[in-house]
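Protein chains: 2
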Amino acid sequence: MAVRLEILARSSEHHARLGRIHTPHGTFDTPAFMPVATAAAMKGLTPAQVRSTGSQCILNNTLHCMLRPGTERIARFGSSHAFMRWDGPILTDSGGFQAFSLADLRTLDDDGVTFQSFVDGSRVRLTPEVSIRAQNEIGADIIMAFDDCPPAGPDVPASRVRQAMLRSVDWLARCKRAHGRPDAQALFGIVQGGTDLVLRRESAERTCAMELPGYAIGGVAVGESPERIAEIVRHTAPLLPDDRPRYLMGVGYPRDIAIAVAAGVDMFDCVLPTRNGRNALAFTRAGTLRLRNARFADDSEPIEAGCDCETCAGGFSRAYLRHLFQAGEMLGPTLVSLHNVRLYQRLMLDIRRAIGCNRWSSLAQAWPCLSAAPGETSGESE
Amino acid sequence: MAVRLEILARSSEHHARLGRIHTPHGTFDTPAFMPVATAAAMKGLTPAQVRSTGSQCILNNTLHCMLRPGTERIARFGSSHAFMRWDGPILTDSGGFQAFSLADLRTLDDDGVTFQSFVDGSRVRLTPEVSIRAQNEIGADIIMAFDDCPPAGPDVPASRVRQAMLRSVDWLARCKRAHGRPDAQALFGIVQGGTDLVLRRESAERTCAMELPGYAIGGVAVGESPERIAEIVRHTAPLLPDDRPRYLMGVGYPRDIAIAVAAGVDMFDCVLPTRNGRNALAFTRAGTLRLRNARFADDSEPIEAGCDCETCAGGFSRAYLRHLFQAGEMLGPTLVSLHNVRLYQRLMLDIRRAIGCNRWSSLAQAWPCLSAAPGETSGESE
Chain C
1 MAVRLEILAR
11 SSEHHARLGR
21 IHTPHGTFDT
31 PAFMPVATAA
41 AMKGLTPAQV
51 RSTGSQCILN
61 NTLHCMLRPG
71 TERIARFGSS
81 HAFMRWDGPI
91 LTDSGGFQAF
101 SLADLRTLDD
111 DGVTFQSFVD
121 GSRVRLTPEV
131 SIRAQNEIGA
141 DIIMAFDDCP
151 PAGPDVPASR
161 VRQAMLRSVD
171 WLARCKRAHG
181 RPDAQALFGI
191 VQGGTDLVLR
201 RESAERTCAM
211 ELPGYAIGGV
221 AVGESPERIA
231 EIVRHTAPLL
241 PDDRPRYLMG
251 VGYPRDIAIA
261 VAAGVDMFDC
271 VLPTRNGRNA
281 LAFTRAGTLR
291 LRNARFADDS
301 EPIEAGCDCE
311 TCAGGFSRAY
321 LRHLFQAGEM
331 LGPTLVSLHN
341 VRLYQRLMLD
351 IRRAIGCNRW
361 SSLAQAWPCL
371 SAAPGETSGE
381 SE
Chain Y
383 MAVRLEILAR
393 SSEHHARLGR
403 IHTPHGTFDT
413 PAFMPVATAA
423 AMKGLTPAQV
433 RSTGSQCILN
443 NTLHCMLRPG
453 TERIARFGSS
463 HAFMRWDGPI
473 LTDSGGFQAF
483 SLADLRTLDD
493 DGVTFQSFVD
503 GSRVRLTPEV
513 SIRAQNEIGA
523 DIIMAFDDCP
533 PAGPDVPASR
543 VRQAMLRSVD
553 WLARCKRAHG
563 RPDAQALFGI
573 VQGGTDLVLR
583 RESAERTCAM
593 ELPGYAIGGV
603 AVGESPERIA
613 EIVRHTAPLL
623 PDDRPRYLMG
633 VGYPRDIAIA
643 VAAGVDMFDC
653 VLPTRNGRNA
663 LAFTRAGTLR
673 LRNARFADDS
683 EPIEAGCDCE
693 TCAGGFSRAY
703 LRHLFQAGEM
713 LGPTLVSLHN
723 VRLYQRLMLD
733 IRRAIGCNRW
743 SSLAQAWPCL
753 SAAPGETSGE
763 SE
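Chain order of the listed sequences is C and Y.
Counting from 1, position 262 in the first sequence corresponds to residue 262 in my numbering; the numbering is continuous, with no gaps.
Counting from 1, position 239 in the second sequence corresponds to residue 621 in my numbering; the numbering is continuous, with no gaps.
Since the hints were derived computationally from the structure, they do not count as laboratory data.
Heads up, the beta-carbon is just placed ideally off N, CA and C, and yes, glycines get one too.
Wrong hints could be hidden among the right ones.
Label-pair restraints from in silico Cβ distances [as the list claims (entries may be wrong)]:
hint	chain 1	residue 1	chain 2	residue 2	range
1	C	Gln-163	Y	Asp-502	51 to 61 Å
2	Y	Arg-735	C	Gly-26	52 to 62 Å
3	Y	Ser-607	C	Ala-48	38 to 48 Å
4	C	Gly-26	Y	Gln-747	55 to 65 Å
5	Y	Met-383	C	Gly-26	22 to 32 Å
6	C	Gly-26	Y	Gly-605	53 to 63 Å
7	C	Ala-48	Y	Ser-743	36 to 46 Å
8	C	Ala-184	Y	Ser-483	55 to 65 Å
9	C	Ala-313	Y	Met-383	27 to 37 Å
10	C	Ala-313	Y	Asp-680	34 to 44 Å
11	Y	Ser-753	C	Phe-118	42 to 52 Å
12	C	Asn-293	Y	Gln-747	41 to 51 Å
13	Y	Ala-679	C	His-14	42 to 52 Å
14	Y	Gly-460	C	Gly-26	35 to 45 Å
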């Protein structure tokens, strides 16, 4: 198998596990947060800056890479690692979620999805086989099954959710057959089923029967409440094999991550730290700061006192950061994204320490934001 | 005096000098190229990245800093060094050139200029006293006289050029009287006179009579041909005191810089490496590359083989850089600006070596772009 989970410690307080995942491009510590480098680039950050945040594994979005620069182009460079100059582990999504969420015009059938390219308006056909071939070309260490991912909400009929779940299982079998490089790239299955816990169980059973090197919980953070996400995760995570990585896709706020870790999830990705960073919203242990706010105009404090990120430790004040955003300077998005990604990685460091020491309560003390009211959900691409 | 030029060597081939300029925030080697951090920020580059290019002294634009964030705000942080976290030497322009070149609505009289803010449309009055107070608040190591800088060209009457020259001399005296911190900030005078060499001589005599710690050649790169710039510089530089820094404002292309160094100029600033970098135009020793060009789509070479910048040495290919610009990724402007500024600093390193070794001819061999057809002129702000 291309990747292997090594469990180093287990919490005695709940289901959290401390470990590391070995991949062809090195090892990353778990529970892990993976920032999103959508089109084979982290927005506003060089790979060296991403590395400086403590990030060990990053995510590329297959659909973006297909449309621009083209996955066959990336393949000519060997893989995304060589193309974007990131020598650590990379994970790619399947493109399915983005085809559903980004494309205005799309048609879905049992074979795949057809949609209009947001780059040039051309017609693009995505099937399990097309997605896997694209992911083989990108060459990430972990690749994801192409799944049918309907939105959540009361207006989505139960029959549609069940159809999507069964179709995803069917497509997973096709993905597995199409996967040309199982020794170099680990294919993860994705559990669907919406907010229906019975469907989630059936999906987990059918998905895990495929004997894959890792499993994801998909179809969350697509419109449900944070309480609903927590319920689904707490229900689904224990249904996945204990000895394989568990990945909660596209989640989320620090509080969502902490809850999922306690339920036994190992991997997370989210665009929040970078997308919010570009919009002058800074994360802190206590909550968020809107740096465009006039009250920061003469504030000489860093975003968060004691933070070891390049922005805070470098002495950049809230007043200066506000100025950069007011003046439309690119440096503002860069400096706040740097801080936000480091904040997430500091959270993951503290989570890993709390698991190792069986002191989960200390985590809540150091991170007041974990006790705050739940945040909104968030999608999985930039 | 706040700054002092130390001459370490002189070319036996022409008028070039090798030296260093001592300032309250450290020393920089001359001939020096100063990249432009317009609004107290280098576009797309952190101070650490700017430092990595070998840049030692940078420029802030006073007018931008006045309008946003406000120079009194910078003063509350001590100076621009503290505000933008650049601990090396800084130079500020007077704001005059920008008021003339950026503002649509302006009125000029013997006392100063009134124009409309490009930030909020408000009426702004700039006089020698206002400019110097603003520059005192920014706190740069070198500050510039507020001058009347008319455009060049056949449609500008000689009487207007003479008026501007005499007015600039009058304003220089007012700047000197208004300057509150001569021990901490060196006020440089600016020689005007357009393309009229007789006026240039008169301006140099009147300006140098003020006994200032340094002198600039202004009013070039405002529309003249490169040959005309060279003629003005060769005529004017020897008229300035040998023991003081000589600064050619807003110039320019590598070839323009090399010509001016040979005429005895010590300091340069220009937005070309960063502005062009943001627009996918990369400098090399041999010339420029338009990285959006389709011929780079699969080009695995760096911008320039052997370049030691973070972009080239980091292995980022022309194909990847092209992709970043095609996809609108901020990382493209950052990586190409990094390269371009480093390219300029490598040129200055080679220029300093060529002076020290009296081997100017070796410079032309290593830098084919210096023998190429002259480039266009360029303004002095981002």
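So, going through the hints one by one against the coordinates:
Roughly 56 Å separates the CB atoms of Gln-163(C) and Asp-502(Y), a value that falls within the hinted 51 to 61 Å. The beta-carbon spacing between Arg-735(Y) and Gly-26(C), approximately 41 Å, falls outside the hinted interval of 52 to 62 Å. In this structure the supplied range 38 to 48 Å holds for Ser-607(Y) paired with Ala-48(C), their Cβ-Cβ distance being about 42 Å. Taking the beta carbon of each, Gly-26(C) and Gln-747(Y) are about 44 Å apart, not inside 55 to 65 Å as hinted.
The supplied range of 22 to 32 Å is broken by Met-383(Y) and Gly-26(C), whose beta-carbon atoms lie about 55 Å from each other. A hinted range of 53 to 63 Å holds for the C-beta pair Gly-26(C) and Gly-605(Y), which are about 55 Å apart. For Ala-48(C) and Ser-743(Y), the Cβ-Cβ distance of about 38 Å falls inside the hinted range of 36 to 46 Å, so the restraint holds. Distance hint check: the CB atoms of Ala-184(C) and Ser-483(Y) are about 57 Å apart, consistent with the given range 55 to 65 Å.
Hint check: Ala-313(C) to Met-383(Y), Cβ distance near 36 Å, so the stated range 27 to 37 Å holds. Between Ala-313(C) and Asp-680(Y) the C-beta distance comes to about 40 Å, which sits within the given range of 34 to 44 Å. Remark: the range hint 42 to 52 Å for Ser-753(Y) to Phe-118(C) is upheld by a beta-carbon distance near 46 Å. Between Asn-293(C) and Gln-747(Y) the beta carbon distance is about 56 Å. The supplied range of 41 to 51 Å is therefore violated.
The given range of 42 to 52 Å is respected by Ala-679(Y) and His-14(C), whose C-beta atoms sit roughly 51 Å from each other. Distance hint check: the CB atoms of Gly-460(Y) and Gly-26(C) are about 43 Å apart, consistent with the given range 35 to 45 Å.
Of the numbered hints stated above, those contradicted by the structure are hints 2, 4, 5 and 12, listed in ascending order.
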